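Chemist: If you're matching positions, the sequence shown starts at -7 in the numbering used here and goes up one per residue.
Please keep in mind that the hints were generated in silico from the structure rather than gathered at the bench. Mixed in with the good hints, there may be bad ones.
Quick list of in silico lysine to aspartate or glutamate cross-link-like pairs, EDC-like style, CA-CA up to 16 Å [to be verified]:
1) K381 - E210
2) K190 - D127
3) K389 - E119
4) K307 - D348
5) K190 - E234
6) K191 - D127
7) K191 - E253
What follows is a set of in silico ranges between Cβ atoms, one per label pair, in the way DEER data are often shown [to be verified]:
8) I45 - I209: 38 to 44 Å
9) Q39 - P393: 24 to 30 Å
10) K206 - P38: 42 to 48 Å
11) P367 - L312: 19 to 25 Å
For clarity, every value in this text was computed on a predicted model and none was experimentally measured. A virtual CB, placed ideally from N, CA and C, is assigned to each residue, including glycine.
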Amino acid sequence: MVSVILVLVTTAIGFLLIGMPIAYALSASGIFALLAKGGTPLLVFPQRFFNAINSFSLMAIIFFVIAGELMMQGGISQRIVNFVQLFLGRIRGSLSFINFICCAFFGAISGSALATSAAIGGILYPEMTKDGEYDPNYAAAMIGVGGTLGLMIPPSITLILYGTLTDTSVGGLFLAIIVPGILVTLVYCLCSLLIIVKKGYAPRREILSVNKRKVVIEAIPALLTPVIILGGIYGGIFTPTESAVVASVYALIVGIFVYRELTWKRFIKAMSNAAVTSAVIMFLIGSASFFGWVMTTARIPAMVSNAMMSICNSKIMFLLIVNVLYLICGMLMETSTIVLLVTPLVFPVSQAFGVDPIHFGVITCTNLAMGMYTPPFGANIFLTAGMGKLKVASVFKAAMPLIVAGIVCVLLITYLPVLSTMFL
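Input sequences plus hints: build the corresponding full structure.
Modeler: This is the structure in structure tokens:
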């Protein structure tokens, strides 16, 4: 058994170090471990792979990705920005507040951090850096950090994965993360205001006169999207998976017939982007599931659980270690991979310590959202740095105050479970 564990771990690390894509690395290392073990047919690999992705719940991920892409191409994100700017435009630092609030709105539609940063950043980054209003590095940092609200505001792809994996109510998870998501949004806004005042960014802007009624009327279909999604789920009209389909159809109708910006060319672009993103996620889920099964046969989860139980003498200590573990993993790996690999190891221990599974899901999601903008591999920061053709290290440096604010939020959400359970 020791040799199987050694082969599994060393090959996985080795493949990752030479730059192999993580899904390939997980599959290959799992196959090598099976060969080292002997007696298990390799046919188990496609069986486990297929069983992992053959799930009705996971269809929600595909359709929320489609919905996010259709909304980006169909003009919904632009209407959300216009609406928020109408009310906050004259405040000093308004674009920073608009960024975080619009990211929260768009997160309530797409469920994806990268999609949120791409959609909102494409609109706001040029505005932020125009006439030197914001330092380009800080503007990119704000958009990268704000994009992670796509994970913190329901519907969240990360929570769908967690709920499917741990057999926890996805609807309950969506309800539980609303207050933490709002808290994080407000903390980011406050932190950004302090930075703006200290650095002297963003003097008050003169806003060009606009037809306010037109802006509000145009924004109504966009603002109705999260209401339809969440209202339908909590009203018992449809399941989270069905809500993703409804969101996609609604985005299609609004983009074609209301805003009339979703041309055939843009539709093809949205669907091809969604196909690529969905294929990557599903391949990763299948590979990670197979890798996790090999770990289970090697009794690695049981060993990790026993080790954590012996080290942690209280729930407080356990949650602190989990936060550190998730944060470190978030710096190095993609969120879906972490949920699929780490959660099976720590979730049983959390139940032994009496942690509410829904609260633990919110803790998991909050930590992984932070991992999307923490160095050295925060994916959202890489995205926004590329958007502005900036040095990644400079954007990470500009994001440090927001990272500290994020850590404070993680600790509050971890040790004040009432924030997650007040509406349950």
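Chemist: Hints first: check each against the structure and report whether it holds.
Modeler: Evaluation of the provided hints:
For a cut-off of 16 Å, the pair hint linking K381 to E210 is broken: about 33 Å separates their Cα positions. With a C-alpha separation of about 13 Å, the suggested pairing of K190 with D127 holds against the 16 Å cut-off. With a C-alpha separation of about 22 Å, the suggested pairing of K389 with E119 is violated against the 16 Å cut-off. A hinted pair counts as satisfied when its Cα atoms are at most 16 Å apart, and K307 with D348 qualifies at roughly 11 Å.
With a C-alpha separation of about 47 Å, the suggested pair K190 and E234 falls outside the 16 Å cut-off, and the hint is violated. Between the alpha carbons of K191 and D127 the distance comes to roughly 9 Å, so the proposed pair stays at or under 16 Å and holds. With a CA separation close to 39 Å, the supplied pair K191 and E253 exceeds the 16 Å bound. For I45 paired with I209, a C-beta distance near 42 Å keeps the hint of 38 to 44 Å intact.
Our hint of 24 to 30 Å for Q39 and P393 is violated, since their Cβ atoms are close to 49 Å apart. The supplied range of 42 to 48 Å is broken by K206 and P38, whose beta-carbon atoms lie about 55 Å from each other. Between P367 and L312 the Cβ separation comes to about 21 Å, which falls inside the hinted range of 19 to 25 Å.
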